[in-house]
Every structure is written in structure tokens, then in C-alpha cells.
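Starting from the structure of chain A, add chain B where the hints point.
Top to bottom, those sequences are chains A and B. The opening position of the first sequence corresponds to residue 1 in full-length UniProt numbering, with each subsequent residue numbered one higher. The opening position of the second sequence corresponds to residue 1 in full-length UniProt numbering, with each subsequent residue numbered one higher.
Heads up, some of the hints might be wrong.
No copy labels: a pair is met if it fits in one copy or bridges any two.
[Stated by the list, open to error] Listed below are the simulated PhoX-like cross-link pairs for lysine-lysine, each with C-alpha atoms no more than 25 Å apart in a straight line:
| id | residue 1 | residue 2 |
| --- | --- | --- |
| 1 | Lys198 | Lys351 |
| 2 | Lys156 | Lys363 |
| 3 | Lys419 | Lys351 |
| 4 | Lys421 | Lys351 |
| 5 | Lys44 | Lys346 |
| 6 | Lys156 | Lys93 |
| 7 | Lys149 | Lys363 |
| 8 | Lys156 | Lys298 |
| 9 | Lys351 | Lys37 |
| 10 | Lys412 | Lys150 |
| 11 | Lys198 | Lys174 |
| 12 | Lys312 | Lys20 |
| 13 | Lys315 | Lys37 |
| 14 | Lys412 | Lys156 |
| 15 | Lys173 | Lys36 |
Worth flagging that the hints you see were computed from the coordinates, not collected in a lab.
2 protein chains.
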Amino acid sequence: MNHNINNAHQEFDRSKFQRKAVQVPDAQSIIKEYVKKGITETVKLEQGDGRVLATDIFAPHAFPTFRRSGMDGYAILSTDTDCCSNGEAVWLKVIDNIPCGSVSDQIVTSGTASRIMTGAQVPEGADAVVMLEMTESRIEDGIEWVAVKKVIEACKNVTPIGLELQVGELILKKGTLIGPGEISVLATFGVHEVEVSKRPVVGIFSTGTELLDIREPLQPGKIRNSNTYMLASQLSEAGAEPVVMNAIPDDITLARQKVEEALERYDVVVTTGGVSVGDYDIMGDLVRSGTMKLLFNKVTMRPGSVTTAAVKDGKLLFALSGNPGACYVGFLLFVRPTLRQMLGMKELYLKEWSAELGSDYDKVNNFTRYVRGTLEVSDGRVIAKPAQLDESSVMITIKDSSCLIVIPPDLKGAPVGQKVKVLLLPGGLS
Amino acid sequence: MNHNINNAHQEFDRSKFQRKAVQVPDAQSIIKEYVKKGITETVKLEQGDGRVLATDIFAPHAFPTFRRSGMDGYAILSTDTDCCSNGEAVWLKVIDNIPCGSVSDQIVTSGTASRIMTGAQVPEGADAVVMLEMTESRIEDGIEWVAVKKVIEACKNVTPIGLELQVGELILKKGTLIGPGEISVLATFGVHEVEVSKRPVVGIFSTGTELLDIREPLQPGKIRNSNTYMLASQLSEAGAEPVVMNAIPDDITLARQKVEEALERYDVVVTTGGVSVGDYDIMGDLVRSGTMKLLFNKVTMRPGSVTTAAVKDGKLLFALSGNPGACYVGFLLFVRPTLRQMLGMKELYLKEWSAELGSDYDKVNNFTRYVRGTLEVSDGRVIAKPAQLDESSVMITIKDSSCLIVIPPDLKGAPVGQKVKVLLLPGGLS
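Okay, chain A solo, but in the shape it has when bound:
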């Protein structure tokens, strides 16, 4: 195949590589200005798992709502056991038997006790519960008597009203991701329906004449389209609903049409490929063509320096690098925070820790490197080990990484033991 070397592509625009590079935090701030908070919907609590609360939730009542027994035993008056300090046992007449869910109408007075179960409401009069295992009982003439042999302090094994929460207290802030602990609280307060942020719907497609469908056999010079599937998984983790669109060949007219269609239909559009400085970098050309507002098309980072963002009619387009490693990192640094902001979450960016470098890293670069690596803890110290293969084109080490190690450009290589900043990858540590 001999291509005409004088074709239109040949006359490439050298301005393509005179892009203005922005720092990662600046790029993140630029995007942040254009993010619109999404709409909300009401779902059953059972469907709320993994969703983001759209409203603050206040306690409709105190919790516990009643003085609750923390033990199976006997509800007593603690002062009845004062005599036990001399080693004496005190015998109390058992006047009731209170299972969970019942309310006793028998007031515990001096010399009496009520049998009570863990979680049951402590009866009026009683101010302590003595554990069943610490008692002895006998029945005389059909009346049960219980012996206590130790001094029991007031309040012992009685959980006071409102120990966990007072009425009107803020239980959960809007923007909270709902997990098992949140569900437990919401159920406890009878919040059986929750208002949550609607998942942003994100259209994703790859560009590149070299791309085969994952169902196609290999062909010379071609590769299978892996990025859209990887992105779909990343989008789900980020709380969005991915829509996988077919890949398109390197054709700017087709790309423009597809992007415009996707921007109309979806909340956000993410593409991969076509953003470097080559002749077929159709996404690069598209965002420069004036039909949308270019936010940035060069970031001082490796991998993914060509990461591009644009906005059209208030909707964001992210044109990520086609290199798997760069695509992965570009998503985490720019797309994921956008989705979390749309969802109303407070923590937008990857959690940042400090760590010691577990092995030498000697790749020098004038851009900040986000090196895939693994996190380990040894004797309470966090150790970050760079992956062996961390080129932007490499996909094999993505799966084994639990962090991104941030190597600033001023570090001319970093030796083992060097303090570094690491960004935790979602799900990397569980």
C-alpha cells in the first residue's frame, strides 16, 4: 500500500505541536468551572446502595429512642446492690419478664427486678441491668427470686436515649456515597426512600482506523479496541452509566457528526484516540475547528500529555489519549472528578497519601509523571513500588496497580526510599 505522499494530510499543521500546556491542577480547575450538578431522583433504600445522597438527612427521632438493655439479665435498682460490697448477696423478687419489643407496665422498686432481654426497653424504676451469667435464681411458691452478688453501678448495661444521635442531628450529608453503614443508619430511621443524584449517562467511543472489534480476528497492523470497555468499567466505578458506542475510523466528518450526536444525547462524552500531533488526529482537529470551546489540549503530565477537554452547549467532551495507560490515567485525573462533581460528591479527586519509593525510578521527564505502582505497608510505613512497564502505551500493568506514584519534573530520577506523593486507585486496596 503506497500512500500518496502529497495528500492533504501530508501538509500537516505544525501549530499542532505548539499547544499551550497546562498543569494538572490547573486543568482540573478549568474543567470544574464548566461542570453542572446533575438532577436527582428518588429510589427505594434497597436500590440506594452505591448511589450518592442528594439531600442532607436529619435524625427524625433520637436513637436509641428508649433506654435499651445491653444484656440479657435483670433490670434492677442499682442501690439495691450496695450491700454486696460486703460480699452479701441480695435477693430480689422478679416481677416481670420483658422480651424485646415489649414495654413493661411493672415499675421496678427496691427489692424487685424484671427479667429483661438484650435490646429490650428498660422498665421504669430500674437504672441498671445485671447480666444473666452473674445471677442465680430460685422459684418459691411460684414466685421467682434472683440473687445478685456484686455491686452494680447505676446505668450499667443501660444504653441511654440518644446515645448515638439526638433528634434533629445531621445524620448524613448530601454528597455522601451510600454503603452498608449509611444504609444501616437510613433504615434505622425509617428512611425507606432516598433522593439520590441521577447517574450521569456517558457516551464513549474510540477513534482509529487500526481498531478491530473485540469479536474480530487479528489483522496485520491492527489492534482490538480495548479502551472503551476499560472506560465503561471505570465509569461504573465513578457512579456513571456508560454507553459504549462503536469505534469510528479516522475521519473528521464522521467524528464531528458522532460527537455532536453523542453530546446531544448524553451528559458527557469521552473519546479515546486521535489527539496526538499526527496527521490523523481527528479529535485534535475537531476541538480546534471552532464548533466547540477548547478548554485545553496539552497537560504537563506523562502519560497523557495530549489529554484534551472541550465544552459545547454546556456539555463536556473529554478526548483522551488512545494509549491504554494514558487513557486510564486521563480518566482518573479529569473525567472521574467531573462525574463526582456532577453527583454532588465532596471529595472529587483520588485520595492522596505520602509514601516511600520501594525501588529506584530513573525516568527523567520535564512533565510530572503518574507512574502506575503497587502500595504495601511494612511496619506501619507505606511503600510504593513503580510497575516495571509504565509506558503510556502499556496496558498490562494497569490491572496490577493500586496507586499512581507522582514523580515531579524537578526530581531527576528518584532513589529507593525517596518520599513521594501517591494517589490511591479506586478499589486498589480492597
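Using the frame of chain A, we list chain B on its own:
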């Protein structure tokens, strides 16, 4: 409500609290013997996210499959640039233009070059790619010439065949959880359908006459059933499919019937409540009644010392404490590992790290405590802070925890700075 103090429950069996306590690791080992690996199913790769691979996957071909250009530029013979060491430029005749996905039929020989895109197959003859930005070009009589001014080493910007993987290499082990990195690899190799472990179906219900449905208004002495919803969320995270069944009152006949029905229908059954030493501890009575094999009903841990496991017809029943904190921990220490084993995963238990205690912890106990807490990293050191309220009955601190701090019984209180073992909670750090 005055209960008859001479009823059957009154004559409680004191053997109830003469249970044989087992250590947590022993309890885990006992369960492990009874876990059967679940069955598998084949799903589309797109549906494989979050599932567990049931087979080893080997590379059906090397990757990359061809010598791949890492840059937009010109494919050249590196020896042609030897003269540049003297500051001279070398002019090469451009003989082809190779976009991604194409294979050039023009062999690069000395004095020639082919324009090439990032990701395209490097043409025969060429052994290096020079970046577009490092070149200059001119057209003379319809022929393009490119100038290179620097010495380019052999292999520069050429990714060799098999850099990431050789044909036949193990790509992914069975038992691997599929996430974005795994999907990227599978798609790359055209593995568009994957055999995964079927999600275990787990029936869950709570027991307790005190339980209200989450839709019901409060009633004196009663609480809402929060544990089943919390467990459903925990089960989803653990890779299982939860089936929420209605709570039942404290009635052993009903409980037996419900457990037997659930064990027939589901792969695992988890109940909460009814396992302490009180009169209405129907689950405790049920597992002792001889219709199933009791594995253990007391564990030397707080919270959740009454955690109970039994097996019937090869299926596991977990009877967890009704206290939310104890239920939460009991699930993580015993049920989650069971499900992960059924799914064929290799890492069954919560990830264990060492950390420094961030504040004093002074609750003394003769059982090992699993204290809910938060993990922070300060200057590369892991700090674990115990939650303020960590009683087993407390649910409010579950949501804010990222770890369980393990306080052994021999520690008579632990001061700030003490080295402790921590268990990472699922999703606690992302």
C-alpha cells in the same frame, strides 16, 4: 403487659452460656472446610466487570503483535543518522505515509524514510522512529524530503513484538476479580466472553419480635430492621446476590421452617439476631436442636462473640448477632471470606496492615477486639484512630470507618502510638 414469669422461657437452659469459645482464625478454618466452590457461567466481557474469572487466561498471541511506533514521526534506519554526531543534518527521501492500521509495502532502505503515526506498524527495513517535532521537511518536484539533525539510536520509539506479553503467557489467573485493567487486557486479546463464577445467592433475614419494617412508624420498645439492608449491601460488595426476606418474630418453629426453606432455595443463609444467651434466642436454640451440624456458637471476639455457624446438607448458615456493629464485623470475618472462597478468589480475608494507634484505646477485654476506626497516612506512616462509639450495639460509626483495629486480649489498653494490626474495610479507602 405482665408476662407469666413461669413460662417455658423462664426455665432457661444455663448450658446456653457454657458455650465453647473458638478463636477467630480457628472459626475461619472450620468454616473453610465446608465451603463448596460454586458453579460457573459464561458472560459477555461487557458484563464481566466486578465478576471473578473462573479459568486461567493465556495470551493467544504476543502483544504487541507487530513492531509498533511509539510516536508520530518518520520510520528510519538509525545508522543513517550516525553523521549527525558532527552536527550535520541528514536528508531522507520520504517513500510512504503509514497511518494506524495500515501495513506499508515499502521497505525502508538507507537514505529513505516513511512517515508513520503513533501506533502504526513500523515498516520493514526501518529500526527506529524519529519524532515529528525533531524533523524538518521540504517538498521538491513532488517528492518529500525530511531532515534529521540528531543521532537516533536503534529501536528508538519502536515497541518490540511481545514487549508486554509473549504468546502462551498466563495473562490472568482464575480467581481474579475483573476490573478496568483486566477488561483492558481481555479486550486486547479478543476474549469477548469470559467464564466467571456464578454469584452465590444468599438469603438473609432478621429475627426479633422487636423489629419494625423500615416503612413502619416507630412503636414503643421497638426498632426498625436495619441489619438485613446493611447485609444486602455487604453481600453485593462481596460478589453475592442478596435476597432480602421478611423479618420474623421470636418463634423457633417459624425460624426452623424459614431457615430450612431458605437453605433449600439459596446457596448460603445469613440471619441476624436470636443468638445471645437470652430466653428468646431462637437461632441459638435452633442450631443446637440437632437438625443441623453446629460449627461454632461462640468466638473469642468483641463485638460478635455469639456469632454462630452451622451446616445442613452441605449448605452454610451464619447466625450473626442482631447488634449492628457485631453483625457488620461478623459478616466481614466469616461470611465474606466464605463467599470469596465460593467465587474461587485467592485472597479470602480482609487485607491486613500494621499501623500506629492514633489515640489511646483503653477498653480492656479478655476477647480480641475488632474496633471500628479510620485510617490516615501522615508522612508515610499509617495512623489508625478508633471510633468514639464502638460498642457492638452502635451502628452510627460503621459508616465512618475505614478499618478494624485489632486489639488483642493481652493488651491491657493500648496507648497512642502503639503498633497495631488493622484490617482494611472494603471500599474504605476509595
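Verification of the hints:
In this assembly of identical chains, lysine 198 and lysine 351 lie within 25 Å of each other by CA distance solely inside one copy; the values are 24 Å within and 32 Å between copies. In this assembly of identical chains, the alpha carbons of lysine 156 and lysine 363 lie at most 25 Å apart only when taken from different copies (15 Å versus 63 Å within one copy). In this homomeric assembly, lysine 419 and lysine 351 come within 25 Å of each other (Cα to Cα) both inside a single copy, at 17 Å, and across copies, at 24 Å. In the homo-oligomer, the alpha carbons of lysine 421 and lysine 351 lie at most 25 Å apart both inside one protomer (10 Å) and across protomers (22 Å), since each shortest distance falls under that limit.
Proximity of lysine 44 to lysine 346 under the C-alpha cut-off of 25 Å is restricted to the intra-copy arrangement: shortest distance 23 Å within a copy versus 35 Å between copies. In the homo-oligomer, the alpha carbons of lysine 156 and lysine 93 lie at most 25 Å apart inside one protomer (20 Å), although the nearest pairing across protomers, at 92 Å, exceeds that limit. Within a single copy, lysine 149 and lysine 363 get their C-alpha atoms only as close as 73 Å, which misses the 25 Å cut-off; across copies the closest is 24 Å, which meets it. In this assembly of identical chains, the alpha carbons of lysine 156 and lysine 298 lie at most 25 Å apart only when taken from different copies (23 Å versus 65 Å within one copy).
In this assembly of identical chains, lysine 351 and lysine 37 lie within 25 Å of each other by CA distance solely inside one copy; the values are 22 Å within and 35 Å between copies. Taking CA atoms no more than 25 Å apart as the test, lysine 412 paired with lysine 150 passes between copies only; the shortest distance there is 23 Å, against 70 Å inside one copy. Proximity of lysine 198 and lysine 174 under a CA criterion of 25 Å is satisfied intra-copy only: 13 Å inside one chain copy versus 35 Å between copies. Taking the shortest alpha-carbon separations for lysine 312 and lysine 20, only the intra-copy value of 20 Å comes in at or below 25 Å, while the best inter-copy value is 68 Å.
Proximity of lysine 315 to lysine 37 under the C-alpha cut-off of 25 Å is restricted to the intra-copy arrangement: shortest distance 12 Å within a copy versus 47 Å between copies. Taking CA atoms no more than 25 Å apart as the test, lysine 412 paired with lysine 156 passes between copies only; the shortest distance there is 21 Å, against 63 Å inside one copy. Taking the closest pair of Cα atoms, lysine 173 and lysine 36 come within 25 Å of each other only inside a single copy of the chain (19 Å); across copies the shortest separation is 42 Å, beyond that limit.
Hint compliance for this structure: no hint is broken.
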